[in-house]
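Student: Chain residues, written in single-letter form:
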Amino acid sequence: METVDLARLQFALTAGAHFLFVALTLGLATLVAVLQTRATVTGSPIHQRMTRFWGQLYLINYAMGIVTGLVMEFQLGLAWSGLTEYAGNVFGSALAIETLVAFFVESTFLGLWIFGWNRLNRWAHLALIWVVTLTAYASAFWIMVANGFLQRPVGHVLEGGALRLADFGAMVGNPAAQLAFWHVLGGALLTGGFFMAGVSAYHLRKRTAEQDFFRKSLRLGLGLALPAAMFTVTFGGLQFSYLQPSKSSVWANRTQLMAETQATMAALHGPGDYLPPVGPVRVAGVLMMVLWVVMIVVAGLSVLLMAFRPAVRSFRPWHWLLTLMIPVPFVTMLAGWVFREVGRQPWAVYGLLTTADAMSPLTAVQVRVSLAAFTTVFAVLIAINYWLLARHARRGPGAVVLGDRPAEPAPAPVPTF
Amino acid sequence: MEIFILAFFALGYLVLAGADIGVGMALPYLGRSGDERREVIAAIAPFFLGNEVWLVATAGVLAGLFPELEGELLSGNYTLVVGLVLAWVIRDMGLWLRGRLPRPGWQAFCDGATVAGSWGLALTWGLLLSRVLLGLEGPVAMVPALVVAALFGTHGLTFAALRLRGALRERAGVLTGGGGEARAYALTAAALLAVGVLAGLRLPLHPGTSGPVLVPVVLALIPFLVASQGWVWWTFRHRVTGPSYL
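Chains as they are written, first to last, in numbering that gives the first Met the number 0: chain A, 0 to 416; chain B, 0 to 245.
It should be emphasised that the hints constitute simulated quantities derived from the structure, not laboratory data. For every residue, glycine included, the Cβ atom is placed at its ideal position computed from N, Cα and C. Mixed in with the good hints there might be a few duds.
As the list claims (entries may be wrong) - Using C-beta positions, here's what the derived DEER-type ranges look like:
(1) A:Asp-403 x B:Trp-232: 17 to 27 Å
(2) B:Arg-182 x A:Arg-367: 44 to 54 Å
(3) A:Val-289 x B:Leu-192: 54 to 64 Å
Bound conformation, chain A alone:
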């Protein structure tokens, strides 16, 4: 492999691992915020327990999202300094706003939410989880603004060999950013919904003691998954009007169209191969759509079935199916991401800067070593996350530590500052 391909692989692994974790984070944060709202408003003990149980699963996963996010944040400057030098003055603003409006506030308030449990006023504590959820959305939004610019550059001018931000509103309003944001958000809610339904179905199938708890959770998960599936497909479909000509010709798989696009691009940018790899783009796109059909069918039937108490209690094949569905939204999200990102190749900034030109001047050894190190760490993280989530999900609400009251009364605190 060429060094640039290794660097691409490294970026793809980082983004892909991060994307898996944040998809679940966004979905579960929403569900936990809804549960905590119910618990706070009604004071119902079961919803308080639900908040703590799902909140703990959310946190285990969140930790993975945050550490892969840290790596992500440094990837552009590390391996793609050509991109930051050429276009950083434009899409770098979106990244800067993301770190300040979203990442900074989200982390700060999440710390308060975790460690301030039973310490803060309950309404303030509820407000915290909503701030955390909304700033997680904001994070996705500004990242999609940055990504939307790379997909479909708008709002810039070329000056002295580098791009300059000319129209901030145009960059933010870019349909390639706006539509993709809602699409990704829908996908994340779908992921969270199926996760909650699948874990609940496991407990219903095993007839564990918490029937009422998981019946309610199953309803909430499926109740979110079905509308989220409709929502996400709507914003997915709308994006097809904004596909780049090269991606769209490869997707249509029409030889003549591809040749025309190639000829137009070569006339504009000089000789070269301007089409993304046909196989991966088409396979990813088809996979995304097929799995969406699977999910909408399962979610639709399940929403009907969950109206029948006996089915919820003892229809085991259905419970099995729902648990087996947990990975499906993740695979679908990754397929959609491959379709979008591989489909942009060979461009880093579509029509303006190629991926090869975007790379930092690194040696093959440097990239090989870092790739091996990051791959090992991500593999370990994914394995630990899967193992811990499965373990805590199986153990059920009885073993939750989050939000536990301290066993013994704390002695009088002494101020330190």
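Using the hints provided, position chain B relative to the given structure of chain A.
Tutor: For chain B alone, kept in the frame of chain A given last:
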């Protein structure tokens, strides 16, 4: 203005996160048993998330206001920055995952990750700062790097002395003899600030072109960011009274 914004977040990181990195480095010294270590971690638990985002914000400000420097600094110090990020990930995983399994072996393993990651962070920072400040590379750069790491460690001890109780507090106060805890913290914080400012003065700080759009946005945000952190500091202003969620 761009330079002040960058300095604000970078120096904020050094002082705030410097303390929890230092506590991580001193973890085997401060906590001799699993339970003691858990209490030491509780001293930084509510803060470390809110502290490390100062570096996230610094990277964001670099990306937005100094994109050229961002590329130069990160790709120019590729291996060091990769090492820094990996140490950061390992340390965070140690902190986050420690309490998720009630097994002594697992907790010792996670504590090991926290300590190794904290030392890794302090040393890569030391190497980065000595490269920027003194232009040193190779084995000789380890000397200033160890000095910087020692500074992080001392800063961690002074912070721990402010947060812990009893025997743990005494151990943390070993360098100051137990008195003037707040003054000792202020001193190590000032030393870290000085290192940060001196390194900053050596950097080619030429802002990019998005300042007119971005600077007002960032300036408007800063009071809210500081207020949100202030809420955390106020909520957890008392000494640690027992183990936390971590």
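Student: Should the hint that Asp-403 (chain A) and Trp-232 (chain B) are 17 to 27 Å apart at their CB atoms be regarded as holding?
Tutor: holds (24 Å)
Student: Looking only at beta-carbon atoms, does the pair Arg-182 (chain B), Arg-367 (chain A) fall within the given range of 44 to 54 Å?
Tutor: Holds, since Arg-182 (chain B) and Arg-367 (chain A) (Cβ atoms, about 49 Å apart) stay within the stated range.
Student: Please test the hint of 54 to 64 Å on the beta carbon pair from Val-289 (chain A) and Leu-192 (chain B).
Tutor: Hint holds: Cβ distance 57 Å, inside 54 to 64 Å.
No hint from the list above goes unmet by this structure.
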